[in-house]
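**Q** Sequence:
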Amino acid sequence: MPEKTYESLYNWSIEQPQEFWKAQAQRLAWHKFPEKILDESGDYPQWFGDGELNLSELCLDKHIADGYGEDTALIYDSPVSQSKAKYSYNELRDLVAAFAGGLRELGLEPGDRAVIYMPMIPQAVVAMLACARLGVTHSVVFGGFAAHELAIRIDDCKPKVLITASAGIEIEKIIPYKVLVDAALEEAEFPPEKVVLYNRRLGVEHPERDYDVDFEELLKAEPVEPVMLKSTHPSYILYTSGTTGTPKGVVRDTGGYATVLHFSMQHVYGLKPREVFWAASDIGWVVGHSYIVYGPLLHRNTTVLFEGKPIRTPDARTFWRVIEEYKVSVMFTAPTAIRAIRKEDPEGAWIKKHDLSSLRFQFLAGERCDAATLEWLQGQLQKPVIDHWWQTESGWPMLANMAGHELLPIKAGSAGRPVCGFAFDILDEEGQVLPANAEGLLSIRTPLPPGCLMGLWENSERFKKSYFSQFEGYYSTGDGAYIDEEGYYFITGRVDDVINVAGHRLSTAEMEEVLAAHPAVAEVAVIGRACELKGQLPMAFVVWQGQEGRAESVLEKELVQLVRAKIGAVASLKEILPVERLPKTRSGKTLRRLLRDLVDQRPYKMPSTIDDPAVIPELQAKIQAYR
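Every letter in the sequence shown is one number past the one before it in UniProt numbering, and letter 478, counting from 1, is 478.
Since the hints were made in silico from the structure, they are not lab data.
The beta-carbon is built from N, C-alpha and C at its ideal position, and this holds for glycine as well.
Any given hint could be a false lead.
What the hints assert, rightly or not - With a straight-line cut-off of 30 Å between C-alpha atoms, the simulated DSS-like cross-links for lysine-lysine are:
no.: 1; residue 1: 84; residue 2: 220
no.: 2; residue 1: 160; residue 2: 566
no.: 3; residue 1: 411; residue 2: 353
no.: 4; residue 1: 160; residue 2: 220
no.: 5; residue 1: 22; residue 2: 4
no.: 6; residue 1: 4; residue 2: 32
no.: 7; residue 1: 22; residue 2: 220
no.: 8; residue 1: 574; residue 2: 622
no.: 9; residue 1: 84; residue 2: 309
What the hints assert, rightly or not - Listed next, with one range per pair, are the computed distances between beta-carbon atoms:
no.: 10; residue 1: 472; residue 2: 378; range: 39 to 47 Å
no.: 11; residue 1: 355; residue 2: 465; range: 46 to 54 Å
no.: 12; residue 1: 486; residue 2: 602; range: 23 to 31 Å
no.: 13; residue 1: 220; residue 2: 413; range: 51 to 59 Å
no.: 14; residue 1: 223; residue 2: 472; range: 48 to 56 Å
no.: 15; residue 1: 412; residue 2: 90; range: 41 to 49 Å
Working from the sequences, and respecting the hints, build out all of it.
**A** Structure (structure tokens):
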């Protein structure tokens with residue numbers, strides 16, 4: 001095995017990918033180790049196709065068998081509900097095995113689907129691991145999405161069961177999850193047979209339905225052993241925004257995913273087994289799947305499940321209190337969280353009041369991190385702060401400063417260098433490789449390494465079109481970037497109509513569709529404007545077609561509420577700018593990039609295809625007056 005420097009390990013992964021990933025797979029306890037490491041004979045390459053294993057077993061039973069059953073697997077900390085709990089591997093395995101037994105009694109079998117719509121509570125982790133134990137493909141839907149969005153996802157994956165809680169807790173308010181679930185099921189064309197409900201006893205009323213099943217009753221079932229599954233068995237479906245407005249159901253395999261998560265805990269995040277890892281994210285996002293649930297438990301790290309916000313729960317000390325209390329070794333959060341903390345505590349007074357000696361690395365991802373935020377945090381913590389980059393589609397980091405090796409110099413604004421297995425090129429519109437410092441399209445040579453998406457749920461054509469049709473032999477990331485002379489990558493942002501709001505990918509096309517349904521709207525264009533706190537915020541340019549005597553302010557409030565009802569508060573649409581007309585090409589296409597440049601006061605080129613250049617000073621005047 002080559003010397004374990006970053007360069008030697010990365011080169012091995014690119015030059016001999018099958019030998020490299022076979023060596024990483026051998027670190028897992030397979031039920032049947034794969035004979036074929038990479039199969040490229042079909043439409044899409046498959047890793048470890050003939051292997052067999054079970055994610056739930058590797059996360060729990062394996063460690064118990066090795067004598068670590070009393071070690072802490074999961075720490076639950078909820079300042080919003082003022083609850084704390086710790087679960088050993090034994091305790092978590094017993095809950096998971098029993099709940100899996102309850103799901104089996106409901107008729108669930110390998111290959112069935114279950115939607116999980118839950119807050120950040122231990123029961124959500126139990127539900128995910130129980131599904132993995134049975135081979136039931138789960139789809140976790142972020143609890144901030146509205147009933148309509150939940151219904152769309154239900155109809156796409158057609159689950160047999162939906163697992164939810166009575167309510168979630170936001171700052172100073174309770175979100176009635178079950179009420180939203182019932183509304184979604186009324187709208188859905190393919191509603192599940194049963195809704196498994198965990199009652200949090202928060203005083204939220206939720207009418208009982210014939211399809212309701214009590215979560216705690218299922219825990220009384222006979223425990224079940226892990227079902228051995230093919231490496232290519234779909235472990236979960238996770239929906240991410242697409243440019244059409246219809247979410248894409250990213251499908252993750254089992255064996256490749258387990259291999260790369262185990263690898264990344266050591267090599268990317270620099271952890272040893274038994275250390276405490278905290279990803280301050282949500283199970284509704286890919287970070288929650290990979291690095292709250294599966295990754296840490298696979299690597300025998302204690303994982304922190306945190307229900308709260310970086311501020312106002314109760315204040316800007318929350319993150320530092322958790323790190324000190326549980327002796328967190330490595331933490332991972334979004335730059336938005338750090339910007340919020342910095343705004344509340346610019347001098348870092350709360351940071352100085354806590355013992356953060358356990359913390360070795362602070363990772364940031366989910367959106368581009370500005371240099372000022374990174375440098376502020378690094379100055380306050382006096383620890384390495386590592387910005388890194390990946391996607392829902394990849395499932396694990398693609399660019400990083402790999403902390404399991406010699407730490408390379410940190411460059412503010414850069415997401416680092418390629419992680420093992422990912423071979424990047426910056427391409428121009430014609431597919432030609434660009435030199436250093438030239439911005440282009442961030443693309444990855446195929447085949448992708450293990451753990452990346454194995455498809456889109458029941459939509460192979462969209463899968464190919466979305467990711468592999470732009471340049472032959474490449475996966476298209478949808479992001480712009482450039483590389484400097486030392487091989488560091490700088491992500492410049494999305495090149496499509498997906499925006500990044502506080503680490504959440506949202507489709508502007510979907511927002512436009514919702515707004516266009518309002519009878520007073522003739523035309524609408526939604527763009528993502530730059531925001532110091534959240535990275536981007538949606539802003540809607542609206543052309544009215546009939547106000548019926550109502551004030552613009554009233555209509556604007558209606559539009560904001562419409563998006564909140566149809567998509568959810570996560571959309572964060574609050575800015576509506578009425579205009580006389582939108583900038584368009586002669587063929588009728590709205591020039592959204594021009595709108596972004598005008599709003600963010602960036603230099604712009606007059607598009608050669610613009611229908612009427614006079615629209616630009618009109619818009620500039622409107623934008624200036626709006627400010």
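**Q** Taking the hints in turn, state whether each one holds.
**A** Here is what the structure says about each hint:
no., hint, verdict
1, 84 - 220, "holds, 23 Å"
2, 160 - 566, "holds, 24 Å"
3, 411 - 353, "holds, 28 Å"
4, 160 - 220, "holds, 20 Å"
5, 22 - 4, "holds, 16 Å"
6, 4 - 32, "holds, 28 Å"
7, 22 - 220, "violated, 40 Å"
8, 574 - 622, "holds, 17 Å"
9, 84 - 309, "holds, 15 Å"
10, 472 - 378: 39 to 47 Å, "holds, 41 Å"
11, 355 - 465: 46 to 54 Å, "holds, 52 Å"
12, 486 - 602: 23 to 31 Å, "holds, 27 Å"
13, 220 - 413: 51 to 59 Å, "holds, 54 Å"
14, 223 - 472: 48 to 56 Å, "holds, 50 Å"
15, 412 - 90: 41 to 49 Å, "holds, 44 Å"
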